[in-house]
Amino acid sequence: MNLPSIDLSGPLLWFANRGTGIVLLVLYTLVVVLGILSAAGRGPSRFIPRFVTQGLHRNLALLATVLLAAHVATAVIDTYVDIRWFDAFLPVGGLYRPFYLGMGALSLDLLLAVGVTSALRSRISERVWRRIHWLAYPSWAVAVIHSLGIGTDIGSPWGRWTVLACVGAVLAAVAGRAVTRRVQVVRS
Amino acid sequence: MNWTIRVDWPSCLARGLCAELLPERIHLDEWGYPVINGEVTTDVLRHAKAAANACPHRALRLLKAT
Amino acid sequence: MSRIEAAPALADDGTARRSLIRRSVPRTVRTDPPAQVVANPGPVLLSGVLDGPSLAAHRDRFGPMPRLDLDSVLATVGAGAVVGRGGAGFPFARKLAAAAAGKRRAVVVVNLAEGEPASAKDTALALLAPHQILDGAEVVAHALHTTDVHIVTPADRPAVGDAIAAALAERASSTGRGRSRRGLPQWRVRAAAPSFVSGQARAVLELLAGRPGLPVTAWQPEAMSGLDGRPTLLSNAETWAQVAAVLRLGAQGYAALGTAAEPGTTLLTLPHRRDRDTAVVVEAAYGTPWADVLGTDVDRPVLLGGFHGTWAGAGALAHVTVSRDELRARGLALGAGVVLPLRLGQCPVAMTGEIVDYLAGQSARRCGPCLNGLPALADEVRRLALGDTSASWTRIGTVVGLVDKRGACAHPDGTARLVRSLLTTFDDEVILHLSGRCSR
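For the record, the sequence lines run as chains V, S and D.
If you're matching positions, the first sequence starts at 1 in this note's numbering and goes up one per residue.
If you're matching positions, the second sequence starts at 1001 in this note's numbering and goes up one per residue.
If you're matching positions, the third sequence starts at 2001 in this note's numbering and goes up one per residue.
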């Protein structure tokens, strides 16, 4: 029987990797922003129910995990560039654009800590979970750095605008949260 | 088999998700903190578990009613 | 469920009149510990006060400490129906059995952190008969096969800490020669913060664990899982002294005083008749008529049980005895034995307002309903006390319902109990105040 063959050095895997990469950047930005919004607010919510914001935060993070697996898999399987499976986890020793690849690996490692602790949340102390969850910030920031140098799409205008929008969104959310926190403290 | 809802008051920060997900048993007082009204029966058990799982500070717990 | 059924009908004069009885609530309630404590000699715990607090005098009068195994201790404290003297009145035998049933080695804690400012019974024991407390803790620790004994003293009553340190030093030097040191308790003394809630059981355990001495939620009773998850037998100082007494005298000897249902004695704190800075501690057998304890004050209203207590109306105690059961049947509670008769010219509404104000300030500020609700309750009761006609019975009832049982400790519950009791016992006074008047 003739199985359809995928040319492991052809552009299909490369496109899939770039595609998942862009989508992941936007997705994780959304997850971080939703996380910041989830942490705000006391008493009855005014606009959107809080469980919706939280549910979106959790579910988009799950979706992103699936996409991340695809993103890593397509990079490893693709034989056009030499990315081995352990390069996805080890921040050093990569052969293809080692610094930016390492940033990707670092981001994934931090994300693993966040993800595993969240999956096992009922078994660990709240304090430990919360401290590790803060690693989501550096994980996202390092992922942005990864996206800036790992590919060619960053050269294009839409690539640049996407990154700018993502960074802007997170900065705006952080600033907004800092302001409302101060207001809350003053009011109490 | 009923369950009781217990609030870990020092951890509760009046975020309000529990009242959103289990309005049959939880409403918020004038300061935003949950007022528990009755035990969890089988008809609302699913929502009660969702409420306990949704609390951002794990301040809501379901305990087997004695 | 609140016992307040409905607001009584008020005469409606159609105008929003805000007459006040007075500008501010006068400060008449003492919220500091007494400067001096006087203890009258008593039949059991206070039988040796005139001999002094030394170990030698203690052994002369009471003999050597019994060394009993767990079964004997359980049987004796069970037959003697020893209940906790910290306010909750929990059967000691049940606590002991729970701690003994644990898989891990137990911890014994003596709670001497008398957080209630008006109470002085534990202070009196520590200053005048400390070895009664220490004997009780030592015997039970031995029966539980543990050497970990902690004593928590009040930071705002330094004399207590000094007295305990001196008593422990006496015990240490008396075992220096000859006797084996194995099996003797390792005493650890710690000072609790000077606050009302610092004497709460979980707050004490937090302090011993090295964290701030504030209440946390208890998912299991501390007798099952307390300090470091170990079974922890934490009891009030007087309880330990009562345990020592019943083990010394035997259940029958102990039951020579008191009643069949409530054998033994209990310590009460009363205010000194003339000196506002002094508290008087008396030992009364259960079943003693309140008329004997209070004299002519029995015809006055009495706040029973301290700041978390209940109001007995004028003469309500006249034909009642010192008995937890009798008091409970009348909606009253002995609590930690603080007895505060209302003074001539003192208004119970104003006094309650002052107390609630103090209690609101003593919140650990850890639990939302307490942190928000107690100051709101203090506001409402203050309005009532001042005769401000914007005060509302329903509103007070609502806030009481919002604080009761919605916290990690019993601080809001006790405050709710006090206010409910005011509304029940002094409903006529409250109605007067709601229309801007006062009978005093």
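Keep in mind the hints are simulated off the structure, nothing from the lab.
Built from N, CA and C at the ideal position, the CB exists for glycine as well.
Worth double-checking, as some hints may not be accurate.
Here are the simulated DSSO-like cross-link-like pairs (lysine-lysine), alpha carbons at most 30 Å apart as the crow flies [claimed, not checked]: (1) Lys1064(S) to Lys2405(D); (2) Lys1049(S) to Lys1064(S); (3) Lys2103(D) to Lys1064(S).
One-sided and incomplete, this derived list gives chain S residues near chain D with beta-carbon spacing under 7 Å [stated by the list, open to error]: (4) Ala1014; (5) Asp1029; (6) Trp1031; (7) Glu1039.
With beta-carbon atoms standing in for the labels, derived distance ranges [said to hold, decoys possible]: (8) Trp85(V) to Arg2104(D): 42 to 52 Å; (9) Ser2225(D) to Ser122(V): 43 to 53 Å; (10) Lys1064(S) to Gly176(V): 37 to 47 Å; (11) Thr180(V) to Asp2162(D): 44 to 54 Å; (12) Ser125(V) to Glu1039(S): 26 to 36 Å; (13) Val92(V) to Gln2186(D): 48 to 58 Å; (14) Leu60(V) to Gln2220(D): 48 to 58 Å.
Compare the structure with the hints numbered earlier in the document and write down the numbers of the violated ones, lowest to highest.
7, 9, 14
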